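Visitor: Quick note, the sequences are listed as chains V and H, same order. The first sequence begins at 26 in my numbering and counts up one residue at a time. The second sequence begins at 11 in my numbering and counts up one residue at a time.
If you're looking for bench data, these hints aren't it; they were derived computationally from the structure. Keep in mind that a hint or two might mislead.
[To be verified] Simulated crosslink set (SDA-like; lysine to any residue; CA at most 25 Å straight-line):
1) H:K28 x H:R78
2) V:K98 x V:S37
3) H:K67 x V:L71
4) V:K47 x H:E114
5) H:K81 x V:R121
6) H:K63 x V:K98
7) V:K47 x H:L51
8) V:K47 x H:R54
None of the values given here were measured: they were computed from a predicted structure.
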Amino acid sequence: AQRVTQPEKLLSVFKGAPVELKCNYSYSGSPELFWYVQYSRQRLQLLLRHISRESIKGFTADLNKGETSFHLKKPFAQEEDSAMYYCALRRYTGRRALTFGSGTRLQVQP
Amino acid sequence: DVKVTQSSRYLVKRTGEKVFLECVQDMDHENMFWYRQDPGLGLRLIYFSYDVKMKEKGDIPEGYSVSREKKERFSLILESASTNQTSMYLCASSLKSGSGSYNEQFFGPGTRLTVL
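Hey, can you work out the whole structure from these sequences and the hints?
Guide: Right under this line is the structure:
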């Protein structure tokens, strides 16, 4: 069975500081990895996916198969980045539903 | 713009009651999902459906059932509500995906259910 681990429940940084939200996964096959974000009083929404290798709102994430990690990074945090972030995995074959991590709350202080 | 709507934002029920949570999407998506969201546990999949009248158990189906009679509607049923089912329930939908492709899951606003 697959598993997604986000070791930090809360990450607090100052505006302008670098941010790294950690995500590790366990899955024997080839996974698809995603980051979802939920801003206060808003719906959960997709932030980025590893296959597109894109930067969204200044965030990037690289899939490291050797370390089974998919950490989310941003060089300079903004106050509007404060939100709940979830890492999620989807199997490449078989059941295609997402498996989510427990989430990390990012607080960016002024 | 994809719209996933859920019948109630807040719901309070008593132990033993039968509870229906409704989800409707307007983008002709084949896939629909029910999750529960709990602090420290993240989102956990309860049930999902790939087509009308089709359902599959997720990771925590115990105490729940689902119904999908029409493509746009996916209902979550708590046959006899219990206090440990107090939670935020999220519905999501996505297009059917084939191997090697991904279609984004779009989420509803959530229903916060309290069971007394």
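Visitor: Could you tell me which of the numbered hints above are not met by this structure, giving the numbers in increasing order?
Guide: Number 6 only.
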